[in-house]
Every structure is written in C-alpha cells, then in structure tokens.
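Student: With chain F fixed as given, assemble chain G onto it according to the hints.
If you want the building blocks of each chain, they are given just below.
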Amino acid sequence: MKFFINIGHNALNTLRGIGAASIMLFQALVGKPQPRKMFPLLIRQLYVVGVQSMLIILISGLFIGMVLGLQGYTILVDFGAEQALGPMVALSLLRELGPVVTALLFAGRAGSALTAEIGLMRATEQLSSLEMMAVDPLRRVVAPRFWAGFISMPLLALMFSAIGIYGGFLVGVEWLGVDDGAFWSVMQASVEWKNDIFNGVIKSLVFAIVVTWIALYKGYTAAPTSPGISAATTQTVVYSSLAVLGLDFILTAVMFG
Amino acid sequence: MEMRKIELLVGVFISVAIAALIFLALQVANQSSAMRGETYTLYAKFDNIGGLKVRSPVKVGGVVVGRVASIELDSEYFEPVVEMRISKSFAKFPETSTASILTSGLLGEQYVGLEPGFMDDDVFVLEDGDSIYNTNSAMVLENLIGQFLFSQGDD
Chain F
1 MKFFINIGHN ALNTLRGIGA ASIMLFQALV GKPQPRKMFP LLIRQLYVVG VQSMLIILIS
61 GLFIGMVLGL QGYTILVDFG AEQALGPMVA LSLLRELGPV VTALLFAGRA GSALTAEIGL
121 MRATEQLSSL EMMAVDPLRR VVAPRFWAGF ISMPLLALMF SAIGIYGGFL VGVEWLGVDD
181 GAFWSVMQAS VEWKNDIFNG VIKSLVFAIV VTWIALYKGY TAAPTSPGIS AATTQTVVYS
241 SLAVLGLDFI LTAVMFG
Chain G
1 MEMRKIELLV GVFISVAIAA LIFLALQVAN QSSAMRGETY TLYAKFDNIG GLKVRSPVKV
61 GGVVVGRVAS IELDSEYFEP VVEMRISKSF AKFPETSTAS ILTSGLLGEQ YVGLEPGFMD
121 DDVFVLEDGD SIYNTNSAMV LENLIGQFLF SQGDD
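So the sequences go chain by chain: F and G.
One point on numbering: in UniProt numbering, the residue at position 156 of the first sequence is 156, and numbering is uninterrupted.
One point on numbering: in UniProt numbering, the residue at position 83 of the second sequence is 83, and numbering is uninterrupted.
For the record, the hints were derived by calculation from the structure and aren't laboratory data.
Think of the CB as a built atom: it goes at the ideal place given N, C-alpha and C, for glycine as much as any other residue.
Treat the hints loosely; a few may be bogus.
Looking from chain G toward chain F, a few residues come up when the C-beta cut is under 8 angstroms (computed) [claimed, not checked]:
(1) Met3
(2) Ile6
(3) Leu21
(4) Ile71
One chain only, chain G, in its complex shape:
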C-alpha cells in the first residue's frame, strides 16, 4: 500500500482517538470538577458531620455554590471544623446565615446546605475567613432511633 494512504489512515486513527478523548472529557466527566474561578473561604463548626466528605457540595436552595475544602477537628473542643470554598460570584451572605448538613434523598450523599439569614443595618456580611455560627449537625440515624425509643418510654 502506498505511503500516502497509510499516512491518511493513521491520521484518521489518531483523530478518532482524540475525538473519543474530547467526548469523554466533555460529555462524561464533570467539567466543573474543581471550582474554577475566584473563591473565598468560610468556616463552620458542627457537633457531628455525619458522612460529609472533602469535595462535598455546598448548596443554597439546591444550587451548588461551593465545595468542602477540608474537614478538621478543633484541637480545643474536639469539634469538627469544616472549611468551605465558596465561589466569589455568590458573595455577601449575611452573618445570620445557617449552615446545615443535609442528605440528598433518603440514602444519598451528604452536603452542606446554606440558608441565607436576614439582613439588617447591624448585621455584617460574611467575608473571606469568617465563620458561620448558626449550624445544624448531621442527622444520625442511631441517635434518632434512640430518641424515638426514649420518648416511647415516657408514655
């Protein structure tokens, strides 16, 4: 077979492979794997984070605004501290906002749900490095069952 035809077929081969790679990159993998663009950091302390993981989403009303960057244990009170990277395009949450650890679906993954609080003249806006003080911890099934059994015993 003449060389030109071979070169043509090898060119087609490599192009098909690159097309496959582009298909996998764009259609199959998540494009916004890392939060691109500018972010700022917020902290929140919880009593119990349940099954929250690094890279779990942070959502406001179901919209992903950021991701959990790290989870550490406070060395003084032994409480988990969650560091969240929020996209700069969702700035100016009031400090009265609430962070809760919620579960998507009955058995789904856990995420941080941010609930924006009220805004007033003497309420500050959360900025880079600030902490959210109103937090609700994760629902732990065993504790719920324990509470339920305990309340049954009262009757």
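Only chain F is shown next, with the shape it has when bound in the complex:
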C-alpha cells in the first residue's frame, strides 16, 4: 500500500513540476513583443551565456577532435583504411559529439550560472521588488535568458564541430601523415548538408530548449536559502545532463535510425 502511495506521490509531483515549468515558460515567452526593451537585455545575456562559454567550447572541441583523430587512426590503420579518418571524425562530431558535448558543457558552464543567478535574485527578493515596480520578472528576467540560450547553443555546437574537425585534421594529417587530399575529399563525399549538418543543428536546438528551460525553472523555484540554491544548481546540471543524453538517443533513433 505504502509502495503505491509513494509511486502516486512521486508521479503527481513530477507532473506538477512539468506543468509549472510549462506555465512559467509560456508566460515568459508569450505576450506582446517589446523589441526595443528586450533587445539590449538579450544582447547582455548573449554575452553572458554565449560569449563567455566560447572559450571552454573551443578548447574542448579542439581536444575532442584531436583524440578522435588519434584513436580513429590507430584502429583504421590496421585495415589500411586511414583515409576514412576524415568522415569518421566529421560524422561523429557533426551528428553526436558536437551537439551533445556542447549541451553538457553548456549545462555546466551557463546553466548552473543561470540557476544560481535567478535563485539568488529570488532569495534577495529582487524578483519581488520587480513585481512591486509592476515589471513582470518572467518577461524581464527569464525570457531574455531563455532566448540567449536558444540562440547561442546551436552556434556553440557549430563552432565545436568545426574546430573539432580541425583538431582531427591536425592530428591525422599534420602529425600522423594521412593524405591531405584524401582526408578532405573522402569527408566531403560522405558528409551531407541536410542529413548531417542540419540534423545536428536541430539536435542542438532541442538541447538548448531543454537545458535552458531546466536551468531557468530550477532557479525560479529554488528555495530562497543557501542550501536551496546549492541544491537547485546541482539539480540543474544533473537533470539537464540526463535529459540531453536521453533525448539524444531518441533524436538519433528518429533521424538516423
């Protein structure tokens, strides 16, 4: 009996959370557009969320590409197929690693910061004072951060893939001596614009929505205490990483299955 009560309790709580998060996002995004007010806020958030995440994305992309080049080479050279290094590096980055690793890094770098920032705004009653001034905090605080995440994640994923392919090129061609022309031409023969690059961008758009949404909701509903904010930040990283990895499997099955 207790067991079923527990299941029901947890299920209802989860549903309540999803419902509250949907209402929050709906109220933040739907409404009369105010481009003159929103644009400077959006630019500032793009700086915080996008520009400041660029360095970690570029460096990890470069190293992941280099590792792919190294590992791929040692296996492919046994079969005399080291020309296939180009498509291996490019396809694994464009289809999987680019969107997924970007989303995981983004959750750690930008998502946790969003949660902590909004949680602290709640704890120090900045959100309440905005309401007192008849400014809707959802429109003023949550919406620009959501759009900034939505815009910057696909851009970051593209950078990640591009510099990762360059890293694979550095290791494969410059260091291990795969033929330069074969590396690019075999890659070009097997990478398709719509199938690989565009689907990767769609993936990272989905991840952007999920990660930013979780981060904003966790921050907005964080308990206004120090342990509350710390728990909310942890939950943001854990939940968005799990959601990204789970969704990635579903999206891969739909797109490339």
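Tutor: For chain G alone, coordinates are given in the frame of chain F:
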C-alpha cells in the same frame, strides 16, 4: 562592462559561429550533393542490382556524370529498373552504350558504370526517357563462388 564592448563581443561570437557554419558547409559537406543544373533521365534494366542504392553515382570512365534517382521492380518481368539522372552537360550517349553495375575497390560502394558505345549513321542518340538495353548486372559473390565450385566439379 559598457554596452558597446558587450555588443562588439556578441558580434564577434555570432561571426565566429557563421564562419564555422560556412567552413562546415564548404569544406566538410559535399557541395554537389544534389546534381545541380539541368538533368535528363535514362532507364536501364538489370537482372540484379546487388548493393546499388538511390543516389549512387553514375560514372563514365571514373567521372561522375549523374546519380541514381530511383530503383523499382518491373511489374511484368520482376526485373529491377534503375532510373538515372544524367547532367545535361554530358548528353549524346549513343544507344549502343553499356551500363554495368561495378564496385569501387574490393569492398567499396557500388555504382553504375556507363561505357559509351560506337556511333554510326543508323545509331540513335540517347535522349530524355530512353532506356539503355546493353546492361551487365552486379557481381554477386555467392554466385561467383557457386560457379567456381561447379566448374571445379567438371574436371
């Protein structure tokens, strides 16, 4: 930080992303993914197409002149019919041309190899919608092994 500097950095961020997209589009993906420009259609019937797929290349002497557009089964004789889109810049193949299904490398992908035939006064030129009658089917490894074993048995 003042607003102008932030705007500058966001501008740089977006430009770098667009540069990455252009790099991926031009350097990594195949530009001629769809045969751009005018094409015309040729048909060829084979006994067996092996591993030929839609979008496999059609080559003349190793040069890609078109792609396989569709593969269907003839409803009367149950033979595969391959529809090929050939670029208009490679027109005027004689009707004596041969289409074979070949394999690039030992284990590579399969493609349609067009071999232009002889040209004579009473030989027509292949035009849009025509069929190629001289065809060689794909080499199927199991059949080859079977033939080999059969010929061994004769001795």
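Student: Now, for every hint given, state plainly whether the structure supports it.
Tutor: Each hint, compared with the structure:
Residue-level restraint check for Met3 (chain G) holds (minimum Cβ-Cβ distance to chain F is 7 angstroms; threshold 8 angstroms). At a threshold of 8 angstroms, the smallest CB-CB gap from Ile6 (chain G) to chain F is about 5 angstroms, leaving the interface hint in force. A least Cβ separation of about 5 angstroms between Leu21 (chain G) and chain F falls short of the 8 angstroms threshold, and the interface hint therefore holds. About 19 angstroms separates the beta-carbon of Ile71 (chain G) from the nearest beta-carbon of chain F, more than 8 angstroms, and the hint is not met.
Hint check: a violation occurs at hint 4 only; the rest are consistent with the structure.
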